[in-house]
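Once you've looked at the hints, dock chain B against the given chain A.
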Amino acid sequence: MTTSSTRPAFDSKAGAESSPLSANTYEQTLGCVHCGLCLPACPTYKTTGSEADSPRGRIYLVRALAEGRVQDSGIVRHHLDRCLDCRACETACPSGVHYGAILESTRAALEAKQPAAGLRVRVAKLLLRHVVAHQARLRFSFALLRLAESLGLRRLARAIGLLPKAVDDIAPRVPGASARAPLPTGWHKPRGQSRGKVGLFTGCVMEPIFGHMNRATLRLLLANDFEVFVPSAQKCCGALLVHAGLPEDAQRLARANTTAFAECEVVVNNSAGCGCAMREYGELLGDEAGRTFAEKCRDISEFLADRGLSATPARCEVKVAYDDPCHLCHGQKVRQQPRDLLAKVPGLKFTQHARPEDCCGSAGIYNLLQPDLAADIGRRKAESLCAANPDLVATGNPGCMMQIAAHLKAAGSKARVVHPVELLLPEDRP
Amino acid sequence: MKSVVDELEALLGPNRTIHSRDALLAWECDGFTIHREPPLAVVFPESTTEVQAVLRILSKNGVPFVPRGAGTCLSGGPTPVGPSVVVELARMNRVLDVDAVDRSALVQPGVVNLDLTTHVKHLSLHYAPDPSSQSVCTIGGNVAENSGGPHCFKYGMTVDHLIGATVVLPDGQLAQLGTESGPRPPQGLDLLGVFCGSEGTFGICTEIRVRLSTDQPAVRTLLASFADMTSACRAVSDIVGRGLVPAALEILDQATIRAVEASVYKAGYPEDAAAVLLVEFDGEEETLDEEAGQTRQVFAHHDALRIEEATDPRERLRLWKGRKGAFGAMGRLSTDLYVLDGVVPRTKLVEALEGIYAIGKKHFVVLTNVFHAGDGNLHPNISYDGRNTEETARVVQAGHEILELCVKLGGSVSGEHGIGTEKINHMPLMYRPQDLDVMARVRRAFDKEGLCNPGKVLPNRSACAESQKWPAMIARVLGEDAAR
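Protein chains in written order, with the numbering used here: chain A, 134 to 563; chain B, 257 to 740.
In isolation and in its complexed conformation, chain A is listed as follows (with noise of 0.2 Å):
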């Protein structure tokens, strides 16, 4: 085939931006030929309706960028941040784009060029680089909430505005100093003959306010013969400083885990956004430490459906509907092993409900964000759940827990929300 000079049909048009983003990103957009097959696989664009708020138009929108045919590109910027960068649309696509990577790299361009504005994205961003990137400041500042907590300082900061509604609505009260003790580090032996050894990733915000669920964890892997390893030099996962634009912040994070997990062959984690986020180190880091690291990492469900359940789950007679975390199902492609495992419950029966694999509406700190996208989604989510009519919601992520359970209750009902390690532990022995 013949080939003549490849350059943009549309050149700059007078008083258009110059383009902050790589070529690498902009090759990502070209692999688009505007099928819109994503777009009913989008939360957002099911929501809106707009095609600005869809997978298409958002790299419509970039490719547009990198063409140089923006003037504002805060209008990109403010479709871009209406994402709730759940992946969905990369299952969807037949093309194969990583629209991930073309999402978080034109958020961190546009980062760089100018940090964003407005009140809340900026508490949030200090928030995220100087407390939950550093453990014993989110340890402390958790601590300081439970006693605000505990004056009744919470209520009168959602009375007087300063507490936004979605947050008060979604965050579960702070647990008491014991249930927020962090998980003792070093290696923990199992009773029996070991199995293996596996690394165990703890998390940011897991440890304050899912403690416990960290330590269920912990408990069903010695329960089922593997040694478990705490690295007490571990950090956050950087996951949300991605998601926020701030790269550089993250790859520091993501350092210190490659090295604190060195001598681990498997790293174990209970949180699918963590888990995601940590196999795409070779990406965020771009070299072998990165890539080494991301391919040890697997979700708690896949490692224990992979190398099989040594203990019995405790018998459990209830109706359990199953929701796929996006971070899951569209970011790591875990699907059936969670169903898997829970089908070895002794009592339990599943309750199918429509679209599992559609996001709830969390993603990370979204629901502070964009609350009323965010609200939207959560009730189309509680409404599909509630239909189904289970006792308990089991998924495998932190915000999806707090997202669906806050909007289970809205809906007024009685079913609880798990972890699926919650319900595979098995009988207490003496």
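Hints are all accurate, no fakes.
Simulated DEER-style distance windows between Cβ atoms:
#1 A:ARG512 with B:LEU445: 42 to 50 Å
#2 B:GLN472 with A:GLU398: 47 to 55 Å
#3 B:ARG359 with A:LEU259: 54 to 62 Å
DSSO-like, lysine-lysine: derived pairs with alpha carbons at most 27 Å apart:
#4 B:LYS377 with A:LYS482
#5 A:LYS466 with A:LYS477
#6 A:LYS482 with A:LYS542
#7 B:LYS577 with A:LYS466
#8 A:LYS179 with B:LYS577
#9 A:LYS466 with A:LYS330
#10 B:LYS522 with A:LYS466
#11 B:LYS377 with A:LYS179
Sample of chain A residues with no beta-carbon within 12 Å of chain B, all distances over it, derived:
#12 GLY251
#13 ARG253
#14 ALA269
#15 GLY285
#16 LEU355
#17 ARG385
These are calculated hints, taken from the structure and not from any lab test. Source: prediction; values computed, not measured. Glycine residues also receive a C-beta, built at the ideal position from the N, C-alpha and C atoms.
Relative to the frame of chain A, chain B by itself:
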């Protein structure tokens, strides 16, 4: 012009009125990316009353408008020609009523085709027209384009499944076309038939009553691979010649097979075959055995390399997966894709394909073929880089010659994708000026001021004469380049 946008915003609010220049870029094309033009604004009405109010504002100000659904059209139907406002109907996506006994549904135009089928699945009913984009495209868009799909060989196009529609005319007036319900089309002037396929140039339908079909008791899908395209096409003629009526008859050529197999729609098609033929029958189990048996004989007679037969839904879905995802999978070949849509008599398939491959070769374009072989509806796909104007011009020229060939062989320039802007200059290949004039008169009866999706379907007179020599689209592509 600012005042019109202000009026629209006052009516619908800022969340349902988009007019930022940069955001509007997202609406500058549909699945046909050669023609790009952003609108003045996009509005999102949510009811018939709001659509009426929007159209009244626009007609009062003399501003043209373009109705739009999911933007999966392949002929530029929802792309503006000249300054116009896009009326986006995606938010009008409710199924208003299902009548399980009379087997019909009343839907808003933004309901996604497949969502309707999902909605009535528990009643063992479905909506029969199934374009390849059925998981995305809207019923409103289907009505505008009179969409088909693989199964229309047996079950007919959109128009065959319409009972009635509430239409907002370009001046805001309401019209009821067809009936509210009923098993047969109404007597009197068949305005619903006229409206269906008018490509959004007669008005906006806001409520549509469609016929639902009963699910067949069983389905059988066969896939045969062939060492050459000619054998595959002859097998199709033989199947139909024997009096068999498959629900679908689809062919994919080798380049398509390879693109599909490299995508998430990987279906396990043999990559060494020159063509695969997908045949589907539906009906009673016993009849299916007989039909599948006869089809196997035809396959054997034409030296099929491999035959697969799916009886369970999962296998069947796998065999279809590649066909349904063929369009998007082409994204792997180049940055842009031009999906053509021509029709030839079934007996001329071999001749047409040979001619099409020759045209592709002559213009040095990457050309693949996937088509509804049962009704001779060809979809040559040309992969190209739209940033390269010289290559784009060759692609457009090849497309023009392919459509000329279809007409020469006794076929037509469009089977189901519509004329839009893409084939507007090809209309004179099929119709005499006086015939086009009759169409224009009908159009004026619906849209006196010419505000409803102008620049689509019917060429103006000067373009008719021009297009005989050189497609205006090439002139436009090159002209745009020269102007910069």
